[in-house]
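Novice: So the sequence lines, in the order shown, correspond to chains A and B.
Reminder that position 19 of the first sequence reads as 19 in my numbering, one-by-one numbering, no gaps.
Reminder that position 115 of the second sequence reads as 115 in my numbering, one-by-one numbering, no gaps.
Rather than coming from a laboratory, the hints here were simulated on the basis of the structure.
Don't take every hint at face value.
Here are the simulated lysine-lysine pairs, DSSO-like style, with alpha carbons at most 30 Å apart [as the list claims (entries may be wrong)]:
| hint | chain 1 | residue 1 | chain 2 | residue 2 |
| --- | --- | --- | --- | --- |
| 1 | A | K282 | A | K258 |
| 2 | A | K421 | B | K111 |
| 3 | B | K81 | A | K421 |
| 4 | B | K111 | A | K419 |
| 5 | B | K62 | A | K419 |
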Amino acid sequence: MRGVSVATSVPPSPRPAAPRSFDAERVRADFPALHQTVHGKPLVYLDNAATSQKPRSVIDATDRYYAQQNANVHRGVYYLSEQATEIYEGVRGKARAFLNAREDREIIFTRGTTESINLVASSYGRMRLLPGDEVLVSAMEHHSNIVPWQMICDERGAKLRVIPMDRSGDLLLDQVPQLLTERTRMVALAHVSNSLGTINPVREVIAMAHQAGVPVLLDGAQAVPHLPVDVLELDVEFYACSGHKMFGPTGIGLLYGKADFLEAMPPYQGGGDMIRTVSFEKTTYAALPNKFEAGTPNIAGVAGLGAALDYLSALPRDQVAAHEADLLAYATEQLAAVPGITLIGTARHKASVVSFVLDGVHPHDIGTIVDQEGVAVRSGHHCTQPVMEFFGVAATTRASLAFYNTRADVDALVAAVRKVKQLFGRAG
Amino acid sequence: MADLTDLYQQIIVEHNRSPRNFKRVDDADRSAEGYNPLCGDRIELFVKLDEDRISDIGFQGKGCAISQASASLMTGAVKGKTMAEAEALFHRFHGMVTSDPASPADASLGKLAAFGGVRQFPSRVKCAILSWHTLHAALSKPKSAPVSTE
Chain A
1 MRGVSVATSV PPSPRPAAPR SFDAERVRAD FPALHQTVHG KPLVYLDNAA
51 TSQKPRSVID ATDRYYAQQN ANVHRGVYYL SEQATEIYEG VRGKARAFLN
101 AREDREIIFT RGTTESINLV ASSYGRMRLL PGDEVLVSAM EHHSNIVPWQ
151 MICDERGAKL RVIPMDRSGD LLLDQVPQLL TERTRMVALA HVSNSLGTIN
201 PVREVIAMAH QAGVPVLLDG AQAVPHLPVD VLELDVEFYA CSGHKMFGPT
251 GIGLLYGKAD FLEAMPPYQG GGDMIRTVSF EKTTYAALPN KFEAGTPNIA
301 GVAGLGAALD YLSALPRDQV AAHEADLLAY ATEQLAAVPG ITLIGTARHK
351 ASVVSFVLDG VHPHDIGTIV DQEGVAVRSG HHCTQPVMEF FGVAATTRAS
401 LAFYNTRADV DALVAAVRKV KQLFGRAG
Chain B
1 MADLTDLYQQ IIVEHNRSPR NFKRVDDADR SAEGYNPLCG DRIELFVKLD
51 EDRISDIGFQ GKGCAISQAS ASLMTGAVKG KTMAEAEALF HRFHGMVTSD
101 PASPADASLG KLAAFGGVRQ FPSRVKCAIL SWHTLHAALS KPKSAPVSTE
């Protein structure tokens, strides 16, 4: 890291002091899993877009729930259950604050982004979609923001339409107005692309959709670990994200929905906790948010997510953003300098995700070889087969960086990739 | 610690770079497709038979070095063999790549023993075996549905 050293002999400057640079080494100490060796080499974890590592506080919060606080929520009148309910609903409040939603009841706990999107596709789709209606997604969606819409479109006789992108991985924004027809009932868009890293111009798309009277769902799985998200400012109808990609546990996620939308929508799943009264003739449903939380939820996951939100909220977000921008620029420059490498995804605005292909070497061979150097990267289609098709590649190798990564991690990746070339370049 | 040069032996790297029998066989009597959804490896295999002997064999495909080199070496190994001999070789190859990594690779497999290295990389065994499953499918019935490793 290039730190700004402040020595007493430095003459006073008229300019305000530069913001202190982010100390990645210090935050690494909070993540136990980062401190291990793999195949005898220090782990270099560069698969954060698949899942992030967890800080000690998240692991402790999950442990503490099971060791000391375990009881079901919303049921017992005894101490432990009240305490569990308090933790659970307290995290809902934290999530509301984190996304800057207006009310706690606009936050639904789900299993993750996938379930959040399925909930909206299924519930809103069933209520709203008629034969001939359209749902608009983009060319760079994760399968989880394609397939749920395809399923409900098939069921309802509706059509899926696609906002195209260009070769750099930027959305063709000028195509959006003509794709928003009088039959469009929903726009579902990745806030940040998981395979290309593109940060989409979501404000512009939301404005265009609203102009046409169409609600918008943003898949925020890859955005929340990198960017501050303000659903009120975005004025978005639905926002979906996952705990495990934002340093929390697996199996827990969030759905934000505007209260009037969520209120109008039918329940997604039936069961306990989501009812007001049940008889064999008729059931009346609970109010928000319980209407969408059938069954005993992932309480430990919620407890861990609360700790993750606390952790993220305590980070200096400006410094984190500058650090990640530096990592992205450095990784882009270093990888692009390796002969034979082509970067896939060179949009103007990107999160710290670098996808690439290497001439003559399949990404799975790269994945296996760099793993022997302790470097964990993803190789494959990243659940975005249409993106791979668009770029004419079967798969890519993807390095996705988090704030706890360093330039040294990038150096380890580049050195490992050079080893791949060496191994594959042996004389035949 | 697993050694990468065990997995990516020279012969594998070389066959990946210049696969043998990388062709369609237009008058093939048997053909089959193999797919490994994990890696996205694809193999299309064409077999020409002279009675029960494999008189010609070709493959097309895309995928990782292990899958492509395996298909290339397999075609060389079974060309000229009877269907029964090719099936027997499939079983021996299968036995070898799924055997204990500590045991020596079956040297009687000749060049195919180069794939003994995958035993130290469990996620890559499917890559090595894909072309053989595809051959097995092609020889089992005149026309078969694509085989998948999943």
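Novice: Quick one, are K62(B) and K419(A) close enough, alpha carbons at most 30 Å?
Specialist: 23 Å, holds
Novice: Quickly compare the C-alpha distance for K421(A) and K111(B) to 30 Å and report which way the hint goes.
Specialist: 24 Å, holds
Novice: Take a quick look at whether K111(B) and K419(A) sit within 30 Å of each other, Cα to Cα.
Specialist: Given pair K111(B), K419(A) holds - Cα atoms ~25 Å apart, limit 30 Å.
Novice: Given the hinted pair K81(B) and K421(A), is their alpha-carbon gap at most 30 Å?
Specialist: Roughly 36 Å separates the two Cα atoms, so the pair is violated.
Novice: When you check the alpha-carbon spacing of K282(A) and K258(A), does it fall within 30 Å?
Specialist: Holds, because 27 Å separates the two Cα atoms, which is no more than 30 Å.
The structure does not agree with numbered hint 3 stated previously, though it agrees with all others.
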